[in-house]
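Colleague: Here are the chains, one letter per residue:
Protein chains: 2
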Amino acid sequence: NLYGRGATDNKGPVLAWISAVETFRALKLAMPVNFKFVIEGMEEAGSLGLEKLLEEEKQSFFSDIDYIVISDNLWLSNKKPALTYGSRGNACFFVECGDKDLHSGTFGGIIHEPLTDLIALLDSLVDPTGHIQIPGIYDSVAALTEEERKLYESIEFDLEEHKNNSGVKKFLYGTKEEILLHLWRYPSLSIHGIEGAFHEPGIKTVIPAKVIGKFSIRQVPHMELSVTEQQVVEHLESVFSKRNSPNKLKVSMPLSAKPWLAGVNDLLYKAARRAIKTVFGEDPDFIRDGSTIPVARMFQTIMQKSVMMFPIGAADDGEHSQNEKI
Amino acid sequence: NLYGRGATDNKGPVLAWISAVETFRALKLAMPVNFKFVIEGMEEAGSLGLEKLLEEEKQSFFSDIDYIVISDNLWLSNKKPALTYGSRGNACFFVECGDKDLHSGTFGGIIHEPLTDLIALLDSLVDPTGHIQIPGIYDSVAALTEEERKLYESIEFDLEEHKNNSGVKKFLYGTKEEILLHLWRYPSLSIHGIEGAFHEPGIKTVIPAKVIGKFSIRQVPHMELSVTEQQVVEHLESVFSKRNSPNKLKVSMPLSAKPWLAGVNDLLYKAARRAIKTVFGEDPDFIRDGSTIPVARMFQTIMQKSVMMFPIGAADDGEHSQNEKI
Chain L
1 NLYGRGATDN KGPVLAWISA VETFRALKLA MPVNFKFVIE GMEEAGSLGL EKLLEEEKQS
61 FFSDIDYIVI SDNLWLSNKK PALTYGSRGN ACFFVECGDK DLHSGTFGGI IHEPLTDLIA
121 LLDSLVDPTG HIQIPGIYDS VAALTEEERK LYESIEFDLE EHKNNSGVKK FLYGTKEEIL
181 LHLWRYPSLS IHGIEGAFHE PGIKTVIPAK VIGKFSIRQV PHMELSVTEQ QVVEHLESVF
241 SKRNSPNKLK VSMPLSAKPW LAGVNDLLYK AARRAIKTVF GEDPDFIRDG STIPVARMFQ
301 TIMQKSVMMF PIGAADDGEH SQNEKI
Chain H
1 NLYGRGATDN KGPVLAWISA VETFRALKLA MPVNFKFVIE GMEEAGSLGL EKLLEEEKQS
61 FFSDIDYIVI SDNLWLSNKK PALTYGSRGN ACFFVECGDK DLHSGTFGGI IHEPLTDLIA
121 LLDSLVDPTG HIQIPGIYDS VAALTEEERK LYESIEFDLE EHKNNSGVKK FLYGTKEEIL
181 LHLWRYPSLS IHGIEGAFHE PGIKTVIPAK VIGKFSIRQV PHMELSVTEQ QVVEHLESVF
241 SKRNSPNKLK VSMPLSAKPW LAGVNDLLYK AARRAIKTVF GEDPDFIRDG STIPVARMFQ
301 TIMQKSVMMF PIGAADDGEH SQNEKI
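Protein chains in written order, with UniProt numbering: chain L, 1 to 326; chain H, 1 to 326.
Rather than coming from a laboratory, the hints here were simulated on the basis of the structure.
Source: prediction; values computed, not measured.
No residue lacks a Cβ here, since even glycine has one placed at the ideal position from N, Cα and C.
Take the hints with a grain of salt, since some may be wrong.
Label pairs and their calculated CB-CB ranges [to be verified]:
id, chain 1, residue 1, chain 2, residue 2, range
1, L, P254, H, K305, 44 to 54 angstroms
2, L, E224, H, R149, 27 to 37 angstroms
3, L, Q230, H, E148, 45 to 55 angstroms
4, H, K176, L, P128, 34 to 44 angstroms
5, L, E178, H, H222, 27 to 37 angstroms
Using the sequences and the hints, build the whole thing.
Modeller: Below, the structure is given as structure tokens:
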């Protein structure tokens with residue numbers, strides 16, 4: 001193991017590719033393909049400038065490329081290699097109520113409290129089983145094909161280990177397949193917090209009157225962000241109207257990113273699969289990522305070429321953490 | 001008008017009493033009663049040491065007192081004097097769920113999110129009409145007597161003005177009597193906020209995993225704090241158990257204060273009423289305070305004497321605010 005900050009995310013994987021090219025050259029072997037490298041040092045800070053660069057260089061530096069390979073992200077297991085073929089998008093929402101702080105002694109019991117309205121709105125979003133309650137939200141989710149379902153069966157994923165690593169006592173689902181399906185290819189809704197309410201330790205008997213609830217819905221094919229936005233707005237307005245509250249409701253989607261999905265039968269996935277089989281003696285897991293990887297979608301959209309995510313680090317590499325290794 | 005920081009809260013009222021005694025002396029009039037003054041300069045900082053002082057001096061300085069008059073608090077109207085005969089207590093609650101932050105991309109969709117549990121718990125507390133949903137919470141609330149109801153009829157209170165002053169567009173009730181009853185002599189529940197969730201501007205797609213909801217229930221006679229606590233705990237545990245969540249629930253009541261209520265037919269209220277009628281030519285409003293006034297309850301409990309709150313400032317004096325006046 002090599003230890004160090006960024007060993008697996010992402011200095012190691014960058015060097016792996018450069019070393020591969022160096023090795024071919026040192027051994028005087030013919031390179032089976034040509035390479036162009038894009039080394040991005042700003043990924044953790046939002047890849048500022050990358051999109052602009054891609055647009056500008058599309059007709060020059062990138063004019064003759066056929067495929068794009070990105071080595072970010074990790075395998076799902078500690079030992080079995082994986083190829084990543086999709087990531088969820090995200091739609092972030094703000095729900096705002098009211099406008100002026102009041103004292104709970106002086107107004108408690110006689111007004112429609114904005115935070116009570118907001119709590120009810122947030123409570124209408126998802127049921128205790130994790131099912132999103134917004135009408136229509138699942139309508140555009142791609143149906144699970146038999147071929148896709150089979151991919152999940154062979155994936156190496158230790159549920160108990162994942163539970164222990166995360167400190168989660170019980171998942172919403174009992175089988176590996178259900179867990180991965182709900183993490184990768186179904187939408188999920190998480191509530192992140194409330195701005196404007198009392199958030200410090202201790203107690204303050206305030207009636208917060210301008211509160212903003214924040215939640216996000218992870219997006220999967222073939223959900224459309226504009227449709228999700230409309231469904232959320234309509235749902236919240238409907239719940240709110242039933243409360244007969246004089247408070248003002250404002251719903252917005254300040255940030256969003258589309259999901260990314262590649263074809264596992266694209267030529268570059270076939271080539272990578274063969275290469276992994278040759279080196280590791282087994283087929284890779286075909287995995288997705290529950291998080292959003294904007295860069296994959298960005299390359300795909302701008303270059304209009306097939307993109308493959310080719311992770312080189314293992315699940316236990318501890319990226320962003322103490323004792324990061326590869 | 002006299003303007004200045006503390007003009008009405010509370011230098012003016014203190015000086016009013018001292019000036020009254022001075023006037024009797026200057027005019028060489030016989031004092032109808034004897035006075036002992038307690039001038040408290042720490043009220044805004046929690047009256048540190050006052051309770052200890054009262055206990056210590058009960059048998060000496062306070063040994064010969066018959067009645068206690070406190071001039072804090074304000075009239076309900078700008079021109080009509082008032083006597084205050086009660087204040088609500090308060091029971092503050094913490095509801096805690098979970099223990100470790102997780103990323104919504106990596107876990108969104110497969111776990112019971114603690115904040116979702118907490119939102120559901122908070123949403124179970126009060127309905128859109130302001131009615132508290134905790135079983136039994138209204139059981140011990142004193143029944144409204146005919147005599148008490150009549151007190152409310154004659155109170156001078158301009159609903160529209162109160163609405164404008166507070167920036168509230170619509171109250172939960174339409175009449176003066178209902179508003180005051182729900183502000184003074186019925187319990188109310190306010191949610192103050194959540195500790196541990198994302199509370200900053202912008203968005204962070206975190207799944208907060210140790211979150212503490214904070215709310216309080218204003219207490220009125222004859223609610224008992226220990227009973228309120230038990231009802232809240234049982235209600236929240238019942239709602240939580242129906243969610244089948246593996247998260248941990250912890251409910252506590254870190255802070256509480258009992259309500260205070262005086263008898264409006266006590267001799268000192270009768271005397272004050274007569275004095276006000278003599279000076280102002282009209283009977284005072286008999287009012288209560290929706291907030292908690294710990295000092296009134298403290299004097300009553302320790303001295304076991306009748307306490308009267310005798311406000312001297314008017315509703316528009318602007319205590320704690322710009323251009324405070326009396």
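Colleague: Now tell me, hint by hint, if it's right for this structure.
Modeller: Okay, the hints, checked on the actual structure:
no. : hint                                  : in the structure
1   : P254(L) - K305(H): 44 to 54 angstroms : violated, 59 angstroms
2   : E224(L) - R149(H): 27 to 37 angstroms : violated, 59 angstroms
3   : Q230(L) - E148(H): 45 to 55 angstroms : holds, 52 angstroms
4   : K176(H) - P128(L): 34 to 44 angstroms : holds, 43 angstroms
5   : E178(L) - H222(H): 27 to 37 angstroms : violated, 53 angstroms
Hints 1, 2, 5 from the earlier list are contradicted by this structure; the remaining hints agree with it.
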